[in-house]
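Here's the letter readout for the chains.
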Amino acid sequence: MSRLALTHADAPMTAARVGIGGPVGSGKTALVEQLIPALQARGIDIAVITNDLVTAEDAERVRRSGLIDPERVSAVEAGACPHTVIREDPTLNIEAADELERRFPGVELILLESGGDNLASTFSRDLTDFWMFVIDVAGGDDIPRKRGPGVIRADLLVINKVDLAPHVGVDLARMQREATEVRGGRPVLLTNCRRGEGVDAIVDLLEREVLFRT
Amino acid sequence: MLRLHGIMGRADDKVYARQLHALEHRGGIELLFVPPADAGRKRFRLTTDRGTDCAVSLDRDEELIDGALLHLDAERAIIARFGEQQVLRLKARDDASALKLGWHAGNLHWRVRFEGDCLVVLLDAPIETYRARILPLLDAGEVVERVHV
Numbered sequence: 025m026s027r028l029a030l031t032h033a034d035a036p037m038t039a040a041r042v043g044i045g046g047p048v049g050s051g052k053t054a055l056v057e058q059l060i061p062a063l064q065a066r067g068i069d070i071a072v073i074t075n076d077l078v079t080a081e082d083a084e085r086v087r088r089s090g091l092i093d094p095e096r097v098s099a100v101e102a103g104a105c106p107h108t109v110i111r112e113d114p115t116l117n118i119e120a121a122d123e124l125e126r127r128f129p130g131v132e133l134i135l136l137e138s139g140g141d142n143l144a145s146t147f148s149r150d151l152t153d154f155w156m157f158v159i160d161v162a163g164g165d166d167i168p169r170k171r172g173p174g175v176i177r178a179d180l181l182v183i184n185k186v187d188l189a190p191h192v193g194v195d196l197a198r199m200q201r202e203a204t205e206v207r208g209g210r211p212v213l214l215t216n217c218r219r220g221e222g223v224d225a226i227v228d229l230l231e232r233e234v235l236f237r238t
Numbered sequence: 004m005l006r007l008h009g010i011m012g013r014a015d016d017k018v019y020a021r022q023l024h025a026l027e028h029r030g031g032i033e034l035l036f037v038p039p040a041d042a043g044r045k046r047f048r049l050t051t052d053r054g055t056d057c058a059v060s061l062d063r064d065e066e067l068i069d070g071a072l073l074h075l076d077a078e079r080a081i082i083a084r085f086g087e088q089q090v091l092r093l094k095a096r097d098d099a100s101a102l103k104l105g106w107h108a109g110n111l112h113w114r115v116r117f118e119g120d121c122l123v124v125l126l127d128a129p130i131e132t133y134r135a136r137i138l139p140l141l142d143a144g145e146v147v148e149r150v151h152v
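Going down the list, the protein sequences come from chains A and B. Numbered by my numbering, the letters in the first sequence go through residues 25 to 238 in order. Numbered by my numbering, the letters in the second sequence go through residues 4 to 152 in order.
In short, the hints are calculated from the structure, not lab data. Warning: the hint list may mix true and false statements.
[To be verified] Computed footprint of chain B on chain A; a stretch qualifies when at least three of its residues, placed anywhere within it, have a C-beta under 8 Å from a C-beta of chain B: (1) 145-158; (2) 221-235.
[Claimed, not checked] Every beta carbon over 10 Å from chain A, so not counted as near; a handful from chain B, in silico: (3) His24; (4) Glu131; (5) Ala143; (6) Arg149.
Computed from a predicted structure; not experimentally measured. Each residue gets a CB set at the ideal place from its N, CA and C atoms; glycine is no exception.
Take these sequences, add in the hints, and give me the full structure.
This is the structure we're talking about:
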């Protein structure tokens, strides 16, 4: 059992900021919709920021979901390639996160969903403390082998829609093995976000890596 | 888990010199090696060279620096150390080549800094993966690698 030793850690902390990136249609918003109740079930105070190109489509979807107080969901419109506001100049997202922390002082974790992008998409360390990249089996089992920066550098790679693997001719075990190899053994988790499968493992990782609960 | 928040100061601050010197003699200095690519993090979980599991957080306006003192008590001090940042130092042959190199660096979203007439690329992946992206420029001699002196 780990021993918790507090030092100058008694100072109030700001919320952990966790990025979720990945290609269009890989299941980022579906993952957010699964993470919200899973995090809440563990007593974690959360808020959400979604990024879209020129609309607030994803934010409206999350607000209407009934999973979270709509006031806790902010929308950022990138107006350009999605990675420009999570990497090159994340100011809009930083301001949105700061504003959520001001309005909800007890918030412990803010999920920042990027707009759908390509395999080169990454988050700035100025914006997020931890970020995950979501791909899906229907996008092709060769995605890990293509070694995109999103796949390689993310703190966590999520392979979603695993239930579709047999229907799209994907050898899921091989895809997971190759993903782990190109990432040098760093975490790769499998999910089926339509049914919530695999989501608890992501929450376990967040509790350890950025919430420091375990 | 040792929970740490904030930076106390720099390990070379005079105010800590006596205490750190004494701890050093007792083997009480622990180093927390932070990969260069992760130096911008405000929260991270790493293990020191002596095996202490550290959960570190910083305020949003704090910057982790090499040599940051993260913990100090009568028994031990924990100091952040960055691994050496690997770089690719590039010099263009002429203005036209410099424009091409700059275009590639921007298009590839490389992290760069400028040193005089050199473009210094901060590497987040093996150097060969960077060379491969500008191979035609290197092969044509439009861009040459410079060794740091």
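Practice problem: Beyond 10 Å from every chain A Cβ: check whether that's true for Arg149 of chain B. | Solution: It holds; Arg149 of chain B is separated from chain A by about 25 Å at its closest Cβ, greater than 10 Å.
Quiz item: When you look at the beta carbon of Ala143 of chain B, is every beta carbon of chain A farther off than 10 Å?
Solution: holds (25 Å)
Practice problem: State whether the coverage of the stretch 145-158 of chain A by chain B holds or is violated, taking the criterion as 3 or more residues with Cβ-Cβ distances under 8 Å. | Solution: Coverage by chain B holds here, the residue count being 6 at a Cβ distance below 8 Å.
Quiz item: Minimum Cβ separation between His24 of chain B and chain A greater than 10 Å?
Solution: At about 21 Å from chain A, His24 of chain B clears the 10 Å cut-off, so the statement holds.
Quiz item: Is the Cβ of Glu131 of chain B farther than 10 Å from every Cβ of chain A?
Solution: For Glu131 of chain B, whose nearest Cβ neighbour in chain A is about 12 Å away, the distance exceeds 10 Å, so it holds.
Quiz item: Counting residues of the stretch 221-235 of chain A with a beta carbon closer than 8 Å to any beta carbon of chain B, are there 3 or more?
Solution: holds (count 3)
No hint from the list above goes unmet by this structure.
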